[in-house]
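2 protein chains.
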Amino acid sequence: MLEIVIIGSGNVAQHLIKAFKKSKKIKVVQVFARNKESISHLLPISKITSDYNNLKEVPVYFIAVSDNAVAQVSSQIPFSNKVVLHTSGSVAISDLDDKNIRGSFYPVQTFSKNKNIDFTKIPICIETEQETMYKTLDLIAHSISDIVYKITSQQRKALHLAAVFVNNFTNHLYKIGNDICIENQLDFEILKPLIQETANKIVNLSPNEAQTGPAKRNDTQTINSNLNFLTNENQKEIYKLLTKSIIDNGKKL
Amino acid sequence: MLEIVIIGSGNVAQHLIKAFKKSKKIKVVQVFARNKESISHLLPISKITSDYNNLKEVPVYFIAVSDNAVAQVSSQIPFSNKVVLHTSGSVAISDLDDKNIRGSFYPVQTFSKNKNIDFTKIPICIETEQETMYKTLDLIAHSISDIVYKITSQQRKALHLAAVFVNNFTNHLYKIGNDICIENQLDFEILKPLIQETANKIVNLSPNEAQTGPAKRNDTQTINSNLNFLTNENQKEIYKLLTKSIIDNGKKL
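These protein sequences, in sequence, are chains C and A. No gaps in the numbering here: position 15 of the first sequence is 818 in my numbering, and each next residue is one more. No gaps in the numbering here: position 63 of the second sequence is 866 in my numbering, and each next residue is one more.
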């Protein structure tokens, strides 16, 4: 079994620990956590360290910490010529300390505490500066997921950005929907089946095929009626910009 | 059994016909369709008419046609003092011909051709100008769905608008995600599990609790890096506006 160490104790680290536990090819021999208690429910306390000087020597290290801590953490690893992988969508692998072989292992998913998720269905995007290391990365990724992509730094940047649109920004649209419900004494529950179906639709249809609504139909009457209804200037601005974008896109088709 | 007639042959009409077929309390005695063939797979041709003069007399009529045709269709019904319900989110019930008892029966969902959907889980919002009619509307709605809300015209307007945000606009964000993938030779499949999970998250979390990403963290470095990556001015504008909206919202919390 390939031995690895995971540095971090947040959502991504915890979900990785759980996923690797089920793997027959990878063994998590140690986890670094500043606060040992935070992950003591996942593995024996003897396998957790909060001291870089006690870090075990293994062929592969995972850095699953917040983006702005990745570089600093990588320089704390007291070994060299190991494979060091971060799990961030937006950090360049060149930010990692170059005493080790740098790479990234990016699971394209949003993780919540206390919510189990089937890791086998999460796409993992792998990248390394040393071509010969892809075999190892591929082995690790396939040990927990069925979906593995080899990507470049540029592609990872693009993917992270696309994820901001489909995840962070989409959630903000849910928030606006929720706000409109609250303002009008409506139960947000009413919108949840629609939200689910909107996400389900694009499993089989392209987003262009799935597009509906007043902007798609260029239905000026409904658009104006919607705009008149809105009193919040921020919501109005978002409505106008996204409507214009849908209409412009329709012209290009 | 309560007898009804459905006018229309589009997605909503077809899904309603299928749903009422399973109901033991409602009987669809006739459907009006300009093109009989379009729904001949759903019921015997003898039950389909394309002539308003042949419309059967029943207590309740459904108008499930495109928004801008609702008013005109309602005036073609050759009866009066019947219950006439349209299924639109954005048409006022006062747009219906006042020779009949006007109301709306709004299933808050997006319907696709050839995609079956469990109607029992679709919230149906009912509204009528005559208070005594709610019992009938409630009976009809509950005959096909477990989730029924009595709402006002103003609330239906709000709901339709909220649906534009969480459905139409969300789908457009998927489209932008797809575009970014295409431009960078990435498979849009990579984003689909994330899209699903984004929708799943808000089943148990409020959109405010579920919000993540650089804007939520006010992570200026990542925001600027994302903006530098974008070359499409329209995408840039949408990125800026939604980021600003998330940041401003965070300040209010």
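These aren't lab readings, by the way, just hints derived from the structure by calculation. Computed from a predicted structure; not experimentally measured. Wrong hints could be hidden among the right ones.
Identical copies look the same in the list; a pair holds intra-copy or inter-copy alike.
As the list claims (entries may be wrong) - Straight-line distance between alpha carbons at most 27 Å, and here's what the computed DSS-like set of lysine-lysine pairs gives:
#1 K1054 with K830
#2 K1055 with K1019
#3 K995 with K916
#4 K938 with K1043
#5 K1055 with K995
Tested hints:
no.	hint	result
1	K1054 with K830	neither (54 Å within a copy, 43 Å between copies)
2	K1055 with K1019	within (12 Å within a copy, 33 Å between copies)
3	K995 with K916	both (21 Å within a copy, 21 Å between copies)
4	K938 with K1043	neither (48 Å within a copy, 39 Å between copies)
5	K1055 with K995	between (32 Å within a copy, 25 Å between copies)
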